[in-house]
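Please put together the full structure from these sequences, using the hints given.
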Amino acid sequence: MKIAVTSQNFKTITGHAGRARRFIIYEGEMKQEPQEIKRLDLPKELSFHDFHPTDDTPHPIDEVDIVITGGSGAGFIRRMNARGLEVCFAEEGSAPLEATQNFLNGKLPIVR
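Quick note, the sequence shown lines up with residues 1 to 112 if you use our numbering.
Hints may be right or wrong, so weigh each one.
What the hints assert, rightly or not - Simulated restraints, written as ranges between beta carbons of each label pair:
no.: 1; residue 1: K2; residue 2: S47; range: 16 to 26 Å
no.: 2; residue 1: Q35; residue 2: P60; range: 15 to 25 Å
no.: 3; residue 1: E91; residue 2: S47; range: 16 to 26 Å
no.: 4; residue 1: K107; residue 2: E27; range: 10 to 20 Å
To be verified - Capping the alpha-carbon separation at 20 Å, the derived lysine-lysine pairs in PhoX-like fashion look like this:
no.: 5; residue 1: K38; residue 2: K2
no.: 6; residue 1: K38; residue 2: K107
no.: 7; residue 1: K11; residue 2: K31
no.: 8; residue 1: K107; residue 2: K2
no.: 9; residue 1: K38; residue 2: K11
Just so you know, the hints here were simulated from the structure itself, not pulled from any lab data.
Each residue gets a CB set at the ideal place from its N, CA and C atoms; glycine is no exception.
Okay, here's the thing in structure tokens:
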């Protein structure tokens, strides 16, 4: 599975997921060590705050299954769910790899 973590500085988890333009992408399976596979650095118009076409318009985040963020509004969660993605919250400022490990070990619940 692929997991995107919002990280504006590529070092720590950031909140305001709808405005996020930078994501660290990990790949991993439950109970296994995740591997960073790439980083997304999107233009402003592709932040979900500014990206308002229909939910079936392709977006670079569509390649992942889960988005981990320090926080978001209900609208962001609805938009991710409509795209087939699920959202988890981790502590803002924490390490992206650690949060990804926590998710894969069942310690980060999916936000509904």
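Consistency of the hints with the structure:
{"no.": "1", "hint": "K2 - S47: 16 to 26 Å", "verdict": "holds (19 Å)"}
{"no.": "2", "hint": "Q35 - P60: 15 to 25 Å", "verdict": "holds (19 Å)"}
{"no.": "3", "hint": "E91 - S47: 16 to 26 Å", "verdict": "holds (22 Å)"}
{"no.": "4", "hint": "K107 - E27: 10 to 20 Å", "verdict": "holds (19 Å)"}
{"no.": "5", "hint": "K38 - K2", "verdict": "holds (11 Å)"}
{"no.": "6", "hint": "K38 - K107", "verdict": "violated (24 Å)"}
{"no.": "7", "hint": "K11 - K31", "verdict": "violated (23 Å)"}
{"no.": "8", "hint": "K107 - K2", "verdict": "holds (17 Å)"}
{"no.": "9", "hint": "K38 - K11", "verdict": "holds (14 Å)"}
Against the hints set out earlier in the document, violations occur for numbers 6 and 7.
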